[in-house]
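**Q** Chains G and E, in that order, give the protein sequences. Number 347 marks the last residue of the first sequence (our numbering); no jumps. Number 282 marks the last residue of the second sequence (our numbering); no jumps.
No wet-lab data here; the hints were simulated from the structure. Note that the coordinates shown come from a computational prediction; the quantities given were computed from them, not determined experimentally. Each residue gets a CB set at the ideal place from its N, CA and C atoms; glycine is no exception. Treat the hints with care, since some could be wrong.
Beyond 10 Å from chain E on every Cβ pair, some chain G residues (computed) [claimed, not checked]:
| no. | residue |
| --- | --- |
| 1 | Arg-14 |
| 2 | Gly-16 |
| 3 | Leu-20 |
| 4 | Glu-58 |
| 5 | Gly-67 |
| 6 | Ser-158 |
| 7 | Phe-193 |
| 8 | Gly-253 |
| 9 | Leu-254 |
| 10 | Trp-256 |
| 11 | Trp-257 |
| 12 | Val-335 |
The calculated lysine to any residue pairs, modelled on SDA-like cross-linking and capped at a C-alpha distance of 20 Å, are [unchecked claim]:
| no. | chain 1 | residue 1 | chain 2 | residue 2 |
| --- | --- | --- | --- | --- |
| 13 | G | Lys-17 | G | Phe-32 |
| 14 | G | Lys-17 | E | Asp-120 |
| 15 | G | Lys-17 | E | Arg-117 |
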Amino acid sequence: MAGGMAAFGVTMARAGKRFLSSLPVLLGVLVFTFLLMRVLPGDPAVFFASGPNAGKEEIEVIRKQMGLDKPVPEQLMLYLYDVGRGNLGRSMTTGQPVTTDLRARLPASLELTFAALLIALVSAVPLGVLAALRPGSIIDHGVRLFCALGVCVPTFVSGLLLIYVFYYLLGVAPDPTGRVDIFASLPPSRTGFLLIDFLLAGDIDGWWAAFRQLILPALSMALFVIAPLARITRASMLVSLGSDFIRTARSVGLPWWRVVVTYALRNAILPVITITGIVFSTMLGANVLVEKVFSWPGVASYALDALLSSDYAPVQGFVLLMASVFVIVNLVVDVLYGIADPRVTVG
Amino acid sequence: MTSATLRHAGWILRGNPLTAVAAAGVVLLALVGIFGPWIAPYDPIVSNVSQALSPPSAAHIAGTDQLGRDVFSRLIVATRLDLAIAVSAVGISFALGAVIGAICGYAGGRLDRAVGRFVDVLMAFPLFVLAMAMVAALGNRVENIVIATAIINLPFYIRFARAEVNVRRNLGWVEAARACGDSHISVVLRFLLPNVLPAMAVQMSLNLGWAILNAAGLSFIGLGVKPPTPEWGIMVAEGARFISTGKWWLVAFPGLALMLAVLCFNLLGDGIRDILDPRMRT
């Protein structure tokens with residue numbers, strides 16, 4: 001037990017150290033995002049004045065309001081100060097502070113991404129294991145074919161084809177827009193994750209409706225990332241299954257599932273965790289495409305709408321948010337790494 | 001290439017006919033890209049509303065879109081733009097990345113650390129999100145899709161070239177070249193880079209498929225390419241409006257074109273890797 005506590009302490013210390021070392025990168029991300037958005041073409045002040053014929057004075061007033069009249073280094077300092085206080089500016093299209101908008105919409109995006117990651121993991125890991133158990137068999141070739149094709153189909157195409165099959169042809173999927181039916185009553189918002197909120201409210205019908213809305217977008221996002229996950233599981237299981245301790249475990253007559261799951265998979269899981277981190281970054285990007293296809297009310301579709309109407313504060317906020325989420329995910333991956341392989345923490 | 005390498009390549013291709021098929025596919029794509037406008041049976045831009053939204057038939061093998069334009073002709077003509085975006089983006093990041101990476105790996109020190117930090121910052125963004133923000137910042141034009149795709153690829157090339165040069169910088173033949181009076185620039189360009197390029201070629205082929213998907217994704221969300229220009233991503237975006245009413249051909253055929261193009265480049269990349277580096281063979 002004491003050993004467990006010590007290991008936990010080491011893991012936490014490692015996470016803390018890792019977090020500190022990611023701070024310079026976060027600062028770099030802030031500066032880069034600021035510079036990127038500063039070179040935006042067109043003058044946002046002109047855009048948000050009452051129209052193309054707005055007077056010079058009116059534009060000057062807006063420019064002052066937005067702080068665009070100050071020198072760039074001072075603007076950067078002001079920007080860093082604002083971000084530090086959680087102020088990401090105001091969206092010109094919704095009229096709300098960007099932080100408020102992002103907070104309201106982030107759960108929708110995260111629920112979609114986590115559901116997709118769950119689907120991807122529970123299908124990719126068994127597929128990879130099955131393929132590795134019988135290399136060269138029909139299953140193995142099938143998995144490899146699926147992997148080769150999976151990375152070639154764009155997320156937005158598979159999403160649309162899923163809509164065609166399950167909504168238009170079979171009629172089993174609901175209208176592919178949004179998280180819930182417009183006439184449905186929402187549960188009291190506790191976590192923002194609809195599936196959890198419906199469960200907490202004890203509303204099984206609502207849960208089922210939300211689940212039916214979620215499944216197609218999550219599936220189309222998952223399809224794209226099953227391939228790299230299954231491929232790495234297969235490769236790393238092949239190595240693990242060929243090692244001496246597996247032969248020993250088999251020779252002493254342990255049940256095969258115990259050999260495969262407890263010994264082989266446990267030792268093969270490290271590369272899978274690493275790839276999961278990379279895959280998560282892909283999924284944050286794919287969110288933009290999937291949210292557009294399914295009119296999902298998440299942060300990506302919010303940023304996209306803002307981007308297409310040259311409203312740059314939400315885009316800036318979104319890019320920052322995604323980079324921060326990615327930094328956190330990398331941190332979690334690192335901690336999981338330490339838990340899965342205690343040797344990592346010693347070195 | 002020596003004859004031994006060619007023989008080796010021939011041996012690999014016989015054992016792996018998929019690579020030969022993929023190579024043929026890439027050549028076919030290039031030909032369609034070059035001669036597309038002359039092969040296409042119909043004009044890709046002129047609309048013919050009386051024929052709008054007709055499903056695949058003998059006259060229009062991939063059907064027609066909401067303006068009655070032949071989907072098959074638009075797919076053929078779009079090949080050039082899609083390939084051009086991907087090839088130029090990957091070409092830019094390859095050229096820049098190889099040179100920057102090689103210089104950093106050779107020089108080391110402060111420059112190396114500064115570039116390393118910059119690469120870390122780029123890698124901290126989800127790449128598609130970064131590309132999207134860059135197109136927004138630089139302006140919503142096709143050239144900027146190329147630039148954005150090139151920049152998000154840059155870190156991989158820089159890291160790769162840097163690592164490869166770094167392990168070779170203190171080898172005997174590098175010192176020999178220096179001793180013979182070659183300048184640092186000449187050592188990097190004439191001796192180190194040529195050693196790194198073959199391995200980077202594999203990266204390029206695998207990258208091309210990815211760049212095609214990336215560019216198509218950007219134009220799907222309304223960045224870069226503008227209608228009525230035929231482009232695979234934007235064709236899917238236009239077809240998306242009709243998918244819930246069952247007009248599958250507007251999405252399926254551009255999707256198929258994207259998939260086949262990416263598949264060819266990926267398989268070719270795997271094949272080239274097998275030829276160049278037998279240890280990586282799968």
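**Q** Decide, holds or violated, for the assertion that all CB atoms of chain E are farther than 10 Å from the CB of Val-335 of chain G.
**A** holds, 18 Å
**Q** Beyond 10 Å from every chain E Cβ: check whether that's true for Gly-253 of chain G.
**A** Given that every Cβ of chain E is farther than 10 Å from that of Gly-253 of chain G, nearest at about 33 Å, it holds.
**Q** For Gly-16 of chain G, which was marked as not at the interface, is the minimum beta-carbon distance to chain E over 10 Å?
**A** holds, 19 Å
**Q** Confirm or reject the statement that Phe-193 of chain G sits farther than 10 Å, beta carbon to beta carbon, from all of chain E.
**A** holds, 21 Å
**Q** Once the closest CB in chain E is found, is it more than 10 Å from Leu-20 of chain G?
**A** holds, 15 Å
**Q** Is it the case that Ser-158 of chain G keeps its Cβ farther than 10 Å from each residue Cβ in chain E?
**A** With a cut-off of 10 Å, Ser-158 of chain G comes too close to chain E, as the shortest Cβ separation is near 8 Å.
**Q** Could you let me know if the closest chain E CB is still more than 10 Å away from the CB of Trp-256 of chain G?
**A** holds, 26 Å
**Q** Hey, is Leu-254 of chain G genuinely clear of chain E, shortest beta carbon separation above 10 Å?
**A** holds, 30 Å
**Q** For a C-alpha distance cap of 20 Å, please report whether Lys-17 of chain G and Arg-117 of chain E respect it.
**A** Measuring from Cα to Cα gives roughly 18 Å; hence the hint holds.
**Q** Measure nothing beyond the straight line between the CA atoms of Lys-17 of chain G and Phe-32 of chain G; if it is 20 Å or shorter, mark the hint as holding.
**A** Violated, because 24 Å separates the two Cα atoms, which is more than 20 Å.
**Q** In terms of Cβ atoms, is chain E entirely out of 10 Å range of Glu-58 of chain G?
**A** Glu-58 of chain G is indeed farther than 10 Å from all Cβ atoms of chain E, at 25 Å.
**Q** Please settle this one: Arg-14 of chain G was flagged as non-interface, so is its CB more than 10 Å from every CB on chain E?
**A** holds, 19 Å
Of the hints listed earlier, those the structure fails to meet are numbers 6 and 13, in rising order.
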